[in-house]
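> Fit chain B to the given chain A structure using the hints.
Here are the chains, one letter per residue:
Number of protein chains: 2
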Amino acid sequence: MPEPKREILDRQDEIVARLREIVPGEGVIVHAAEKRAYESDGLTAYRTSPMVVVLPSTVDQISQIMAYCNDLGIRVVPRGAGTSLSGGALPLEDGILLGLGKFNQILEVDYDNRCVVAQPGVTNLGITKAVEHEGFYYAPDPSSQIACSIGGNIAENSGGVHCLKYGLTTNNVLGVQMVLIDGTVVRLGGKHLDSEGYDLLGLITGSEGLLGVVTEVTVRILKAPESARAVLLGFPSNEQAGDTVAGIIASGIVPAGVEMMDKVAIQAAEDFVRAGYPLDVEALLICELDGPESEVDELLARVSRIAQDNGASYERVSQDDEERAKFWAGRKAAFPAVGRVTPDYYCMDGTIPRHQLAHVLARMREMSEHYQLGVANVFHAGDGNLHPLIMYDANEGNQLERAEEFGADILKLCVQVGGVLTGEHGVGVEKRDLMGEMFTQIDLDMQQRVKCAFDRDGLLNPGKMFPTLSNCAEMGKMHIHRGKLPFPDIPRF
Amino acid sequence: MPEPKREILDRQDEIVARLREIVPGEGVIVHAAEKRAYESDGLTAYRTSPMVVVLPSTVDQISQIMAYCNDLGIRVVPRGAGTSLSGGALPLEDGILLGLGKFNQILEVDYDNRCVVAQPGVTNLGITKAVEHEGFYYAPDPSSQIACSIGGNIAENSGGVHCLKYGLTTNNVLGVQMVLIDGTVVRLGGKHLDSEGYDLLGLITGSEGLLGVVTEVTVRILKAPESARAVLLGFPSNEQAGDTVAGIIASGIVPAGVEMMDKVAIQAAEDFVRAGYPLDVEALLICELDGPESEVDELLARVSRIAQDNGASYERVSQDDEERAKFWAGRKAAFPAVGRVTPDYYCMDGTIPRHQLAHVLARMREMSEHYQLGVANVFHAGDGNLHPLIMYDANEGNQLERAEEFGADILKLCVQVGGVLTGEHGVGVEKRDLMGEMFTQIDLDMQQRVKCAFDRDGLLNPGKMFPTLSNCAEMGKMHIHRGKLPFPDIPRF
Numbered sequence: 001m002p003e004p005k006r007e008i009l010d011r012q013d014e015i016v017a018r019l020r021e022i023v024p025g026e027g028v029i030v031h032a033a034e035k036r037a038y039e040s041d042g043l044t045a046y047r048t049s050p051m052v053v054v055l056p057s058t059v060d061q062i063s064q065i066m067a068y069c070n071d072l073g074i075r076v077v078p079r080g081a082g083t084s085l086s087g088g089a090l091p092l093e094d095g096i097l098l099g100l101g102k103f104n105q106i107l108e109v110d111y112d113n114r115c116v117v118a119q120p121g122v123t124n125l126g127i128t129k130a131v132e133h134e135g136f137y138y139a140p141d142p143s144s145q146i147a148c149s150i151g152g153n154i155a156e157n158s159g160g161v162h163c164l165k166y167g168l169t170t171n172n173v174l175g176v177q178m179v180l181i182d183g184t185v186v187r188l189g190g191k192h193l194d195s196e197g198y199d200l201l202g203l204i205t206g207s208e209g210l211l212g213v214v215t216e217v218t219v220r221i222l223k224a225p226e227s228a229r230a231v232l233l234g235f236p237s238n239e240q241a242g243d244t245v246a247g248i249i250a251s252g253i254v255p256a257g258v259e260m261m262d263k264v265a266i267q268a269a270e271d272f273v274r275a276g277y278p279l280d281v282e283a284l285l286i287c288e289l290d291g292p293e294s295e296v297d298e299l300l301a302r303v304s305r306i307a308q309d310n311g312a313s314y315e316r317v318s319q320d321d322e323e324r325a326k327f328w329a330g331r332k333a334a335f336p337a338v339g340r341v342t343p344d345y346y347c348m349d350g351t352i353p354r355h356q357l358a359h360v361l362a363r364m365r366e367m368s369e370h371y372q373l374g375v376a377n378v379f380h381a382g383d384g385n386l387h388p389l390i391m392y393d394a395n396e397g398n399q400l401e402r403a404e405e406f407g408a409d410i411l412k413l414c415v416q417v418g419g420v421l422t423g424e425h426g427v428g429v430e431k432r433d434l435m436g437e438m439f440t441q442i443d444l445d446m447q448q449r450v451k452c453a454f455d456r457d458g459l460l461n462p463g464k465m466f467p468t469l470s471n472c473a474e475m476g477k478m479h480i481h482r483g484k485l486p487f488p489d490i491p492r493f
Numbered sequence: 001m002p003e004p005k006r007e008i009l010d011r012q013d014e015i016v017a018r019l020r021e022i023v024p025g026e027g028v029i030v031h032a033a034e035k036r037a038y039e040s041d042g043l044t045a046y047r048t049s050p051m052v053v054v055l056p057s058t059v060d061q062i063s064q065i066m067a068y069c070n071d072l073g074i075r076v077v078p079r080g081a082g083t084s085l086s087g088g089a090l091p092l093e094d095g096i097l098l099g100l101g102k103f104n105q106i107l108e109v110d111y112d113n114r115c116v117v118a119q120p121g122v123t124n125l126g127i128t129k130a131v132e133h134e135g136f137y138y139a140p141d142p143s144s145q146i147a148c149s150i151g152g153n154i155a156e157n158s159g160g161v162h163c164l165k166y167g168l169t170t171n172n173v174l175g176v177q178m179v180l181i182d183g184t185v186v187r188l189g190g191k192h193l194d195s196e197g198y199d200l201l202g203l204i205t206g207s208e209g210l211l212g213v214v215t216e217v218t219v220r221i222l223k224a225p226e227s228a229r230a231v232l233l234g235f236p237s238n239e240q241a242g243d244t245v246a247g248i249i250a251s252g253i254v255p256a257g258v259e260m261m262d263k264v265a266i267q268a269a270e271d272f273v274r275a276g277y278p279l280d281v282e283a284l285l286i287c288e289l290d291g292p293e294s295e296v297d298e299l300l301a302r303v304s305r306i307a308q309d310n311g312a313s314y315e316r317v318s319q320d321d322e323e324r325a326k327f328w329a330g331r332k333a334a335f336p337a338v339g340r341v342t343p344d345y346y347c348m349d350g351t352i353p354r355h356q357l358a359h360v361l362a363r364m365r366e367m368s369e370h371y372q373l374g375v376a377n378v379f380h381a382g383d384g385n386l387h388p389l390i391m392y393d394a395n396e397g398n399q400l401e402r403a404e405e406f407g408a409d410i411l412k413l414c415v416q417v418g419g420v421l422t423g424e425h426g427v428g429v430e431k432r433d434l435m436g437e438m439f440t441q442i443d444l445d446m447q448q449r450v451k452c453a454f455d456r457d458g459l460l461n462p463g464k465m466f467p468t469l470s471n472c473a474e475m476g477k478m479h480i481h482r483g484k485l486p487f488p489d490i491p492r493f
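Chains as they are written, first to last, in full-length UniProt numbering: chain A, 1 to 493; chain B, 1 to 493.
So that you can see chain A by itself, here it is in the shape it has in the complex:
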């Protein structure tokens, strides 16, 4: 993380006093005990107590806070519900933690334009709750949807089981209001189609709080499908399951979700929640189809044929919504279930092109033997989004080191086959130092130039996503010195 600024810490009292003027009442937290709740997010291995926590309740307050921080050079870490799995909301000891928890209102439901306008602290599920009585829902559904905020979803470009068919957050956001680091309030997008100019809305989505603070969102809502059914498909090998996923997609079918679990994960989940999974298979797919009933029936038949062609040894279609929920319960509990059978596990989040599934699974099994560590595979197979869980015991010899090497090998493999380091958990502090595996220095510089366009002094969430901090001022100095600065001369940050 960036070196704390001594001159800011020395002025803490003055800063707190000014923040209390901007946010009167109980919105400014400085006592260590009260700050504890904000020390970490879902990646609890990292903890830092922020200099001060501010919980504004109006956009004007946020604008004033940002302008003040910009003037004094105070760093700002925005925080939604704090459910990030990559440390995206990890505080800085010399920084303000800007909590959006009080922005929890649905502002407008607009069925004619099929959208909802909400404050960023509304939970993901809260959007659906506001419209489900009319038969609508908000599609992206991260596992944390009961707790995670829609503002945080935008920061991380969150996914979920249904993103295969309905897209990630970026495909479902229509507009935002946001505050820039200088306090300026801007609107990007809206209820309309497309927009002239560069697509700044797309740029903001997934920018992990490094470009601005989102203070209002407009998201698309969808009509709930007429029917949905899930099928369990068991296979004698991971490769056959992987080929089946590729085969389903290649045939043109787009299931509402296709999840995959390997033998270790199946066993652990079944022991934990009794989902009714077969225990004599090496790999299990859960494939959900939705739409009109007659369409679902036909698609299920086609999925079944593809599975049979790939050697499926088990098949069971959910007979009602209760059974469908049971199928999913096992999948959703798979992480804690694996946690019950190993002292520690290391969860990866790589994404690969779908047709590489079988190859990557086979290679991962070889690595497992090489490192003498078990691995449980639970993942969004339809998206090619892997969540291998490397099982180890931190108290046993060099198992931790071996697990980390194993993890690095998996990520390198993902990149080698044309994939990426993360599918939905973001980079945050967790994968920051791995960005070089994926991007060249040219790529990283290109990203930093965009950062400089929004936040020249690097005050917004520094230390996240990128291995080094940008030095936008150096860029300017070089420019003046030489009169003209073609890109190759920009100093590497």
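None of these hints come from the bench; they were simulated from the model.
A quick note: this is a predicted structure, and the numbers were derived from the prediction, not measured.
Any given hint could turn out to be false.
You can't tell identical chains apart in this list, so a pair holds if it fits in one copy or across any two.
[Unchecked claim] Derived pair list, reagent style DMTMM-like, types lysine to aspartate or glutamate, alpha-carbon separation capped at 20 angstroms:
#1 K165 with E295
#2 K165 with E298
#3 K326 with D344
#4 K165 with E226
#5 K5 with E39
#6 K165 with D110
#7 K102 with E366
#8 K165 with D112
#9 K102 with E437
#10 K332 with E270
#11 K223 with D290
#12 K326 with E369
#13 K102 with E39
#14 K5 with D443
#15 K129 with D409
#16 K165 with D290
#17 K129 with E282
#18 K223 with E295
#19 K5 with E226
#20 K223 with E134
#21 K129 with D141
#22 K129 with E108
#23 K412 with E298
#24 K326 with D290
#25 K412 with E396
#26 K263 with E108
This is chain B only, laid out in the frame that chain A set:
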């Protein structure tokens, strides 16, 4: 347009010679007669002969050309098929016109990942042609799809009739390879889900050739729907038709397309192509539903009920694909059809929130009376994307001036009701000077800072999209001068 650079024009011979070294053979065009084909794009009112036309055939050649232009400060205008309706590919007299016509190969068809990798000069329809024998297609379908290039589609974020259900270009592009102004070749996105870092792929899509030259694209392909049917719905008023569109969307139905025509357009189209349209209605909707047959049947019944509730006086469902094609033939020929009944027309391209359709149509009728000029309405009603055609005679009194005022009033109204200046034609030179109607100076500055991050010297397609050129160097100078540059102090470009 930007002032031509005398020092570049003076070095024309030397520049041409260097370009001939980079692109041997017939790829460099300097003769006036041969350059004529490149003088304008689909917006033929604007014409400029470029200093030189270059038609490279490899990415390495493009990289060398860009690096050379960057070194010498030569402006570059990229061009796909030249079908832009907003002058996006209008040449500069001191600039290189970089034609991508030789990049016309499909590089890979990958059904497992449901995507096609193509060179940017492949036509939009060419993508579908490469996969239709397997039952797939590429969804965005601009009217010019037989001619327009996929690279141009990315530059303009092109739409089409089916974008209501299947999204604009930005929702169907998975990755690009592009060359930056300094010659650097980068890849953005790929065959995988999401990606870490800022979403530069989203930023590039719709950037009208101002950020880089796309040299390869990866696009999503979809399975063709099992069936598709269209229904003609006639109404005694535009308002009832507008309310029907809002009602269909509010009910949760997402048609494959919903197009609307008013009485003037209906009459003109029917006279021209005999599509079988009713002539005793004020407004006509063409609504297409696609999917499994049973779903289409049910949705057609629901659309019919909504139309009846809004007072529809005419309804006809296509009985076969031939009749469906006839319904569309009238719509697709509506522009030339209107051209047959008025000496001149001025085509607008605003977009509004759907529930404002009825209101905007009513206001437009009042304006038509005020200006004493007819207006024909032909548009993508489902998207809220209006294409009013203001009819006038340039040789009659002040009709041209009145038409322009009328047009400006329509665009202002679009912005007032929460819409934007363009839906799919782009800004280009056509709407450049109207950007101030939509954006504040703060918004425009934010966009310019992004431009500076990619192209500090403003060499890529200057004069398009933005009313003034950015002065990135000034930004740097200010920064040094004051030691610290908060955003409000950045000089207005």
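> Can you give the numbers of the hints that this structure goes against, from lowest to highest?
3, 7, 9, 12, 14, 15, 17, 19, 23, 25, 26
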